[in-house]
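For the sequence shown, the numbering used here assigns the number -3 to the initial residue and increments by one for each residue that follows.
Watch out, some of these pointers could steer you wrong.
Stated by the list, open to error - In silico BS3-like cross-links for lysine-lysine, where the CA-CA straight-line distance does not exceed 27 Å:
id, residue 1, residue 2
1, 172, 291
2, 446, 459
3, 291, 40
4, 241, 49
5, 405, 457
6, 49, 291
7, 49, 406
Just so you know, these hints were derived from the structure itself, not from any lab.
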Amino acid sequence: MMLNVPSKYTVSYARVQDDQFENVRCLTVMMENMWPYLRKYVAKFLKEKIQPKLRSRNKYLKHCSFMEIDLGTKPPEVNRMRVESDVEKKQIIMDLQISYNAPVKVIIGLYEHAIARVNTIKLEGTFRIVLAPLMGNVPIVGAMTFYFPQRPDLHLEWTGLTSLLNISGVQSLTQKKVVDKIANFLVSPKHITKRITSKFDIMELRFKERKNALRINVLEARNLVAKDFITKKSDPFVVVHGGGKTFKTRVISKNLNPQWNQTFEILFSELPGQEITFEVFDRDEARDDPMGSCKIAVSQVLERKSINKWFRLENVQSGDLHIKVETLQLLSDPAQLNKVLKLNKEIQPPKSEELSSAVLYAVIQKARSLPVIRPKKSLLNPLAKLQVTVGETVKKSGGKKNNGEPEWKKRMQILIKNPLGEKMKLKVRNENNKVLGSLSVPLSNIMAAKDMTIEDWFPLKSKSKNSEVLMKLQLRILAPRTFHVTP
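Please take these sequences and the hints and turn them into a complete structure.
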């Protein structure tokens, strides 16, 4: 069957629509042949990638492991497919409508004793494959990136889940929360990239770094529905989702035409299909009532540079939300900082948090001569995990196998209110949260470096001699779109 692949796609990737797909039954046959290899890859991925993250997430799970992983012989079904290409970005995007309903055997253990088991997995959703970059020689494509543009519909049949949720430290979880966390694991902006040729560096992909800073202004709403039967009013607030972040406005009591005028900032990559979602709720002691929602495609903001309009709220009788979203410039000249700080004070809304003036891009590659503390009563490998702190912002990474030279290749982006006087603090911990090494880097050192970039081995304060960590640290000044750079 021939597929229509236009030279440049024009379909908005904010939401995948059913009428944009073609029936391609032959893909199910392809999946049947690929499934034995995919099963092995998924099992290896769970063991080597997910298990260390699970163990490092909570000290009570440090002895948790996947004892057995068998996804069965029945492959997922690919019902329909849509293909679009973008010559300018040198990429092809394939959206597959998949369904998977099969018996499996995934045993989760603690101290090598089975405590829970997944017996059946049922999953339906749109799975996206990005082939990029397109190259002029074999193998034609440098890498493949996989993710779900929206959360798939996932159902798991468990045995022993109660025992798992009774573990100290995780009692706050429910079965629904566990399934939600699993379902959202590979939802945009999260993704997995697999390199096809060793000659291609994955970090060259345009969507691997969050180089797009957006300033989001939740201004006001009008004609909202009244949720309080007695007062004929509501107590509205807005929840903003985007780039893996969630923000909330303040609650305005007894008002159907509230004015928030609050500003939030989020960093985005150019991963296709990302959205900014706005959900309006009525504050209630028992349960917050939904009052409608709307969405903005990140790609539209990046193309137009600024969007300032009223959006009709969906799934509600009445209501509009006034939103302004604009892109920010990334400047490599430290001399612009003082001017940006002054401008931020002038334009900052009265009841919003301090606006960011810079962004720190950190790439933590690996360590050497790191202390190795083997866990007692366990055959599992020791771990080394990262914690980076700048001001009130704390970023953490999942653990990696610690053989004295752990390799993270972890990229972090941190918005900075004012880099003057701030420090980046790094701590390397094991699965018991014991500090294996630490360091502190004044951001002023990075500002003084050439191109505001430092790439080097940094000494760690550690019990082991010569402990070091290899990092690349880069600062960029954040300026509004209308900001004029001075010589």
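Evaluation of the provided hints:
A hinted pair counts as satisfied when its Cα atoms are at most 27 Å apart, and residue 172 with residue 291 qualifies at roughly 25 Å. Restraint check for residue 446 and residue 459: not satisfied, since their Cα atoms lie roughly 32 Å apart, outside the 27 Å limit. Taking the CA atoms of residue 291 and residue 40, the gap is about 37 Å. The hint is violated against a cut of 27 Å. A threshold of 27 Å between alpha carbons decides the hint, and for residue 241 with residue 49 the separation of about 19 Å falls inside it, so the pair holds.
Distance hint between residue 405 and residue 457 is fulfilled; the C-alpha atoms sit about 21 Å from each other, no more than 27 Å. Straight-line distance between C-alpha atoms of residue 49 and residue 291 comes to about 31 Å, which puts the hinted pair past the 27 Å bound. Annotation: proposed proximity of residue 49 to residue 406 holds, straight-line Cα distance about 13 Å (limit 27 Å).
Hint compliance for this structure: hints 2, 3, 6 are broken, all remaining hints hold.
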